[in-house]
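Q: Keeping the supplied structure of chain A fixed, place chain B upon it in accordance with the hints.
Line order of the protein sequences matches chains A and B. Using my numbering, read the first sequence as starting at 1 and increasing by one per residue. Using my numbering, read the second sequence as starting at 1 and increasing by one per residue.
Calculated directly from the structure, the hints in this document are not laboratory data. Just so you know, these numbers come straight off a predicted model, no measurement behind them. Incorrect hints may have been included.
Stated by the list, open to error - List of simulated lysine-lysine pairs, DSBU-like, C-alpha gap at most 35 Å: (1) A:LYS239 / B:LYS393; (2) A:LYS317 / B:LYS396; (3) B:LYS296 / B:LYS396; (4) B:LYS396 / A:LYS239; (5) B:LYS363 / B:LYS393.
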Amino acid sequence: MRVLIVGAGEVGSSIAGSLADSHEVVVVDRDGSRVESLQYDQDILGVTGDGTDLAVLDEAGVEAADVVIAVTDDEETNLTICATVKTTSDAFTIARVEQTNYLDTWQAHEGAFGVDFLVCTDLLAAETIVRIVGLPTAHDVNPFADGRVEMAEFDVPEDSPVAGQTVAEADRFDDLTFVAVIPTGTDTPEIAGGDTVIEPGARVVVVGVPSTVRAFARALCNGDRLNEAEDVVVIGGSKTGELTAELLGDRGLSPRIVEVDPERARELAEGVPSATVLSHDGTDPEFLTREHVQDADVVVASLGTDERSLLAALLAKRVGAERAIAVVEQPRYVELFEAVGVDVAVNPREVTAEEITRFTRERRAENVAIIGSGGAEVLEVEIDDESVLAGRTIQDGAADLPSGVVVGAITRGDELVTPRGDTVVEVGDHVVAFVQADAMTEVTSKL
Amino acid sequence: MSLRVDWRASAALVGTVVKWLSVPLLVPLGVSLYYGDGGLAAFVVTIAVALVVGSAMERLGDVENIGSREGFLMVAGTWLAASLVGALPYLVAAHGIPGVAAASAPASTLANPANALFETMSGFTTTGATVLGDISFDTHSHGILLWRQLTQWLGGMGIVVLAVAILPELSVGGAQLMDAEAPGPGIQKLTPRIAETARALWLAYAGITAFEVLLLYGLHIGGYAPNMGLYNAVAHGFTTMATGGFSPEARSIEAFTGVVQWVIVPFMFAAGTNFALIWQALTGDLDALFGDAEFKFYAGVVGTVTALLAGLLFAGPTLEVVVGPVAGEAEVSLRHAAFQAASIVTTTGYASMDFAQWSEPAKYVLFLAIFVGGSAGSTGGAVKMVRWLVIIKSLKRELFTTVHPEAVRPVRLGGRALDEAGVRGIYAFTAVYVALFAFGTVFVAIDSSRIEETLSAIEVMSAVAATLGNVGPGFGMVGPMGSYLPLTNATKLVMVVLMWVGRLEVIPVLVLFTRSYWQG
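Bound conformation, chain A alone:
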């Protein structure tokens, strides 16, 4: 498949990186040096020029492109690119925006702006944060099969009853499948076998129905953090922070937002009625104590700059907040943040890249979650009669698949089927599978 990416920033480069090995990727950017450096790092074709210019798009081969991804830093430019592409090509267009009002228009009117798929960076990041807030100790949560199945990545605390057990011992839940373990200190997921030992400090990846995933979360943290987060403090009223508070409000919570700029604070107070807005420096420890941030279940740091977000998250942890989630703009800081004590670092660009990857994958992949830093992915695939699993048990089918794949869950209509070795997969089933990066190409073609 030929993919044309306009915009070689963080998102564009990230998408180019994850698609380059299996697709023909062309990247267009106005900045010649960016294009050049990307061309050295990845096996792609670079074109220097303005993506809204039809001549440049022609040069990049827009007529032959199957997918065009507009991910420049400017949202209006992205929309213009898609509209321009639609004048000469039938390519599937994907655009990234920041404002939710464009998303609202697009959702209300199919094909608006000439965009086939629109992703909103801040909203995606906020949705991710809210899912993590909703599940104690979770590191990442992704919904599959319209929310009937969840993939969750958990930290295993030192004092967890599960720590030190093997997967077979820990797996006491019917509707839950252990798919991978990320050993302490690494970022590479490994397929979980029955005898894999879960070390304290490691992470486990499970797939199951949301209620069981929640029950597992409780079992994991020794029962003392049973309750779902109620008291959430959002430090920093960036767009992501605002949307996070809004989504939490939709779930019936009354989050607090701390924003230092009085005008922005006023704007937030008007825009998010469910939240209490405090206008003060969120990195003032005296203030955090006065407002009882130490009693907060979760603190979300989203101050717009990574330095300040890091500081706020660490301060909140220091005064005693239960968990701290930080928004990180620079993907390369994610690991650092988590190493120094931030529980979860969410990178909006990574989340965006993940979402866009979903539409550029092989035709049947419907939903994708990336685990670790691209070491593995969770896919949702609808089984057709060409699949190696069609009409066979998982045990038989797995023999024809590479070793780096685990079937985590199957949904059949509205029903959930817990996959065991003797489960027969039918045509039309949705299979949620955990796949290691090196097995990806083979798995997507065979499923």
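A: For chain B alone, coordinates are given in the frame of chain A:
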């Protein structure tokens, strides 16, 4: 020093309104012709004066120069000029024209110019306080008493709103003028053109008035209201929707049957509702009305006051009143409670019985209700619902921010956040309102020592509050069956100013008395 206000332009526009005042004067003129009981000369003279004076004023300046400053002056001037011209029929009827026409109402108390001005200002501002001694056709002609009703109907929706609706030269500056006439929050354009908005408001107003007249006259024809003839039906239609309160019957609505009283209650309630919302409801958007925060609060206040009064009347002591027993009578208690609650809260000022005879607790509930007022954008006066609602909400916020000094919490009205300048304006208005009430009370208390009767504290306070809030009747001497007549001329003129200032919601008039308004 040069004036920064083109007062000539304002005066010219006031002249236009005065000139047009001759048109509604044709109504009592026609009535006088029909009944032939005198008063014809009064209207002929007034129409002539209105035409001549109005046309002369129009030549003073260029209406094109109306800006926001000229707007304030024009609006305040219009109400004063209308009251001065509107007082003429009373004066002519009382004095006659030497050598041309004899006085048609020689016994009228309105022979005193201060009384005539008081009665007219009370009419246009829809106050309903009266200095008419004997309210009957023995003393006054049908035409004069109908003119008294009509002044209230014209003033109800606003003289300036009416001018904007019908005068094409006001199409541009009209929004400013309407704002100056009713500066409360909640004024909204219903249509892109301000003249159409003004027309819509007047159409809804006139339509509901006509509906009420038909209903009242229908009761008469049906035999449920023997004394509610066509004259009375029209007269009361004019003063219900205007939240006016004048009645050609000396005993106000007490003179009519219980059915009539029940029918008038919902019309008074509608008159205290924001007409923009009524218009939206009439054009199909019921949610706009029933979902409105101020309307819900308004309905709650009227309901609460009704419940309180009904309880007090039902349980209360036996009253020596002409309407018969009230205590222990469920329907009677509820009817009089609902009627008085709607009448006083909306600032109409009708009475279905002499509430000045009520027990002390019931009187105090009603006294406090004088300060409440109708909704913004209604014909009601006083402080108005929306202001109280905002004050309550911002006080709640104050309590919250005392504990959380950094909290930023907008005051919300039905989901919409109010800007802080608006909240500040509401506090300023209420503070000035209370100050005017205080000054007025002290003045009237001192000045009334010159009259024969000794006024009690609640009589003085209710008289001042009822004129400032455009309610009308107070308690004691100035009660619903009483009169402001015994007060001194000085007190009456102060009350004329209170009614004028109260109708225009204080600030647009007070601004005329500041140096910065006139200079730079």
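Q: Now tell me, hint by hint, if it's right for this structure.
A: Do the hints match the structure? See the list:
no.: 1; hint: A:LYS239 / B:LYS393; verdict: holds (28 Å)
no.: 2; hint: A:LYS317 / B:LYS396; verdict: holds (33 Å)
no.: 3; hint: B:LYS296 / B:LYS396; verdict: holds (19 Å)
no.: 4; hint: B:LYS396 / A:LYS239; verdict: holds (29 Å)
no.: 5; hint: B:LYS363 / B:LYS393; verdict: holds (28 Å)
This entry satisfies every hint, going by the numbered hints stated previously.
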